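Q: Spelled out from the first residue to the last, the chains are:
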Amino acid sequence: MNYRALLRHETFLAVLLAIVLVVLAWQSDRFFTVANLLNQGRLMTEIGLIAIAMTFVIATGGIDLSVGSILGLVAILLGVFWQNVGLPLPLAIVAAIAAGTLAGLFNGLIITRFKVPPLIATLATLALYRGLAEGISQARSVRGYPEWFYVLGQGEVLGIPTQLWILLIGALIASIILAYTRWGRTVYAIGSNEVASRFSGLQVEKTKIALYMASGFAASVAAVIFVSRVSTTRSDMGTGIELDAITAVVLGGTSIFGGRGTVLGTFIGLCLIQALKNGLSLAGVKGDGTIMLIGAVLILAILISNVFERSGSR
Amino acid sequence: MGRTLVSALLVLSLSTSLSQAQSTWTGGDDLPTSPLACDGTPAEAAAQPYDGGEPKNAPDRKGKEITVVDVPKLVGIGYFNATSKGIAEAAEAIGNMDAKTDGPSRANIDDQITLIDNYITSGVDGILFAANDPVAISPVLKKALDQGILVVGYDANSQPDARQWFVNQAEFNGIAKTMIDSMAAEIGEDGSFAIVTSTFSTPNQARWIAEMEAYQAKCHPNMEWLETVEAQEDNILSFNQANTLINKYGDDLDGIFGMTSVATPAAADAVTQAGECGNVAVVGLATPNAMKPYVAAECVKSVVLWNPVDLGYAAAHVLRAAADGDLKPGDTSVEAGRLGELQVINGSEILLGAPFVFTKDNIGNFDF
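In order, the protein sequence lines correspond to chains A and B. Position one of the first sequence corresponds to residue 1 (this note's numbering), numbered consecutively onward. Position one of the second sequence corresponds to residue 315 (this note's numbering), numbered consecutively onward.
Excised from the complex, chain A in its bound form (with noise of 0.2 Å):
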């Protein structure tokens, strides 16, 4: 562990931010707006939420690709539970939970029974349980959710949208948990030297199961605000978002080797992310563009803490 270098990754991160938000403001007045920004909290939490539980996942040298697929599934089964098996929805969306941290649990059994790489286990369980999704689907959409639930995804609590609290709560329980921790310290021990970690009677295989299970439960709270977000539910839903959360992590300065990495640094890759994302469409600057920005940046910041990360702590 070393905190001067971790230190400046994120103080190096923070003022890139500033200087993004002060830049975007400065392209366009209606971006710095107290009511655009909430509305970029509103949606940035998908990802956030699936971000946090990858940050601690990827620092243990692991990784979680299923993320997308959970969050399908998990979208279906609630529609499914809700409308076809005729569950109230509060019940239905704790079993539509407990079933995507099953799966979570599913992905952290083979990698640690089988010993399957977590990336090959987790590209076959993305095939999977998106395919599981299709297949209870069959193509239809569940629609007409009672008016209370959508206070989740398009209501909001004191002025907040409601699931930021959700991502805020979500990321302070997670940092404590990650720095302040025995538990956390096992996670950056674990993917500092797993052999070692082993040797010093760390309960590695107990600690990695509960990771890919939190990182399904993530997914699975995603996919409910999704959903109450967009009013319905589809099998696609969440294609694509593993890379944009594991982009956010690995932005937020956690090595893809694991033993290094924070909530926070997470959190703030996550902001730039979407200030770049929304600030540049503000400007007039089409999608493609701004993808290709945001590719750009992330190499640019990786860069940057390297060459910071040489010359500072050795």
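Read the hints as simulated data drawn from the structure, not as lab findings. Given the structure is predicted, the values throughout are model-derived calculations rather than measurements. Zero decoy hints are in this set.
For each label pair, taking beta carbons as the anchor points, the in silico distance ranges come out as:
id : chain 1 : residue 1 : chain 2 : residue 2 : range
1  : A       : V151      : B       : P535      : 58 to 64 Å
2  : B       : G589      : A       : A296      : 55 to 61 Å
3  : B       : D353      : A       : G289      : 50 to 56 Å
4  : B       : N603      : A       : I173      : 51 to 57 Å
5  : A       : V151      : B       : D681      : 42 to 48 Å
6  : B       : D365      : A       : I136      : 29 to 35 Å
7  : B       : N549      : A       : I136      : 26 to 32 Å
8  : B       : Q587      : A       : I302      : 53 to 59 Å
9  : A       : I136      : B       : I550      : 27 to 33 Å
10 : B       : K562      : A       : I136      : 37 to 43 Å
For every residue, glycine included, the Cβ atom is placed at its ideal position computed from N, Cα and C.
For this one, chain A is given, so just place chain B on it according to the hints.
A: Just chain B, lined up with the frame of chain A:
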């Protein structure tokens, strides 16, 4: 394993088609039909109350310069390139309208919603859209209406109350009329024809066939309906089914309808390979690019679809008319530039007009 499955499926589809052949069933559905008049007089518009939405506290935009964004299902494919070309053309002709196209790079509901949301924030005057999902897009469109933004859809609808107007590219009875009329022109009033469709339960195809049956009975009563076969929108199966029809009916077969964009080129291919070009006509729904070789070889004379350039052109005109107050709830028609008067149908939809027939002369102008 795979082979047994395929052969089992083939036997199954064969047995269903055999049992179908014994009945006089044509593959249409049981819903009521409304065939158009034989001479093309527009159908009496059933007075249906306006069911679209209304922008809240919209400023007076009459005659003022407006900025409009066009958000198709996705960008980078020929079909939507054609619609945005039509929109750009209309904006240029109208003058006081600045239109640009920006869409997701994949047909993804979330990307499209986010994009529209950003344009609402940026303060456009109007949004043109082709929805990836009719329900998922509705909350964000309602938000646009709440902020006084004009919202007009084309190609793929949202829920009616989430937009003001929707430009409908083709009604079922319109497609049916054009298909049957084109076929009658090619094979004559006493010709006989067969149909290659996707499956008997595919809703759009079943609806088209039912309307075709009603229109043929009404306007071309001497044409003979031989058989309708299923081909699952599968390329090879469509080819085989068309081939079977040619062998089975021989000289009795004058024409084949392709009901899907897969079946039509496959049927044209089957006719070409059987050396029956000129003896067996092929008329069908298809995109121009797939049909260009057969149209160039004069094996196929008419390909029926709608003109996506006109679709975008009409959508832009409808939006301008709504901005100027020339198109209000309750109106029955709208002026759309070179397309003339377009009819309002189903409460808040604008019918693009008769379907477009691609022929040897015009097919080269389209790329989708």
